[in-house]
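Asker: What follows is each chain in one-letter form.
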Amino acid sequence: GQQVMQIPQYQHVQEGEDFTTYCNSSTTLSNIQWYKQRPGGHPVFLIQLVKSGEVKKQKRLTFQFGEAKKNSSLHITATQTTDVGTYFCGNAGNNRKLIWGLGTSLAVNP
Amino acid sequence: SQTIHQWPATLVQPVGSPLSLECTVEGTSNPNLYWYRQAAGRGLQLLFYSVGIGQISSEVPQNLSASRPQDRQFILSSKKLLLSDSGFYLCAWSLGPQRGVGANVLTFGAGSRLTVL
Chain P
1 GQQVMQIPQY
11 QHVQEGEDFT
21 TYCNSSTTLS
31 NIQWYKQRPG
41 GHPVFLIQLV
51 KSGEVKKQKR
61 LTFQFGEAKK
71 NSSLHITATQ
81 TTDVGTYFCG
91 NAGNNRKLIW
101 GLGTSLAVNP
Chain L
1 SQTIHQWPAT
11 LVQPVGSPLS
21 LECTVEGTSN
31 PNLYWYRQAA
41 GRGLQLLFYS
51 VGIGQISSEV
61 PQNLSASRPQ
71 DRQFILSSKK
81 LLLSDSGFYL
91 CAWSLGPQRG
101 VGANVLTFGA
111 GSRLTVL
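Protein sequence lines, in the order shown, are assigned to chains P and L. Last residue of the first sequence: number 110 in my numbering, and the count goes up by one each step with no gaps. Last residue of the second sequence: number 117 in my numbering, and the count goes up by one each step with no gaps.
Chain P with its partners taken away, still in its complex shape (with noise of 0.2 Å):
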């Protein structure tokens, strides 16, 4: 079945550094989502990607879903602690399940 990969599993910053977490996915993609999971929290919606190569902004964070619509990024430009969670991506098919990535946990030092 349809497989969303998600790269690094884990990534450990300094504070103000910057951060990128990719989702790979072999076949083409309707759509890409992308959530944040704080530490002992749930998921939270931040963003939908629908069209080829499309790039959207939320203040230091972008996404970018690829030419291809196989591909996503989510950069984070100078990361602060309260960047610290776990960030999900995951494609909603047209049978309603959310298939999901298993997540890049981001730490960052002070």
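Please keep in mind that the hints were generated in silico from the structure rather than gathered at the bench. These figures come from a predicted structure and were not determined experimentally. A portion of the hints provided could be inaccurate.
[Unchecked claim] Per label pair, the in silico range of CB-to-CB distance:
no.	chain 1	residue 1	chain 2	residue 2	range
1	L	45	P	59	29 to 35 Å
2	L	51	P	15	42 to 48 Å
3	L	16	P	51	49 to 55 Å
4	L	80	P	80	43 to 49 Å
5	P	80	L	7	28 to 34 Å
6	L	7	P	20	14 to 20 Å
Backbone N, C-alpha and C fix where the C-beta goes; we use that ideal spot for every residue, glycine too.
Start from chain P and add chain L according to the hints.
Answerer: For chain L alone, kept in the frame of chain P given last:
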């Protein structure tokens, strides 16, 4: 606005005991409802989803079951818990893709942390 409530937040249960987790959604009608489990603080495993009252799809064979007795109520149950049932259980809802682009965004409840001893 829509809200989702999930309870209990935390519970510790002995092996072999029953389980009931409840989830309700307010402010919308006919939502898609989901139960996820997250073990070891990482990946999200879809357990059940429902597109309507009495309609339940199971994703993973196990000793858990789900029911949707009312439009906005979703219940996760077990007759006899196993040690491996420990984890963080998350209820979520979405409008579903039939309601347009962006309608399949998931909104999660705060979660129920289950420890089976």
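Asker: For the hint 43 to 49 Å, verify it against the beta carbon of residue 80 of chain L and that of residue 80 of chain P.
Answerer: 46 Å, holds
Asker: For residue 16 of chain L and residue 51 of chain P, compare the CB-CB distance with the range 49 to 55 Å and indicate the outcome.
Answerer: 52 Å, holds
Asker: The hint says 28 to 34 Å between residue 80 of chain P and residue 7 of chain L; measuring C-beta to C-beta, is that right?
Answerer: 33 Å, holds
Asker: So does residue 51 of chain L sit 42 to 48 Å from residue 15 of chain P, Cβ to Cβ?
Answerer: 44 Å, holds
Asker: Does 29 to 35 Å hold as the CB distance between residue 45 of chain L and residue 59 of chain P, or does it fail?
Answerer: Given a distance of about 31 Å, which is inside 29 to 35 Å, the answer is holds.
Asker: Take the C-beta atom of residue 7 of chain L and the C-beta atom of residue 20 of chain P, compute their distance, and say whether it sits inside 14 to 20 Å.
Answerer: 37 Å, violated
Hint 6 from the earlier list is the only one contradicted by this structure; the remaining hints agree with it.
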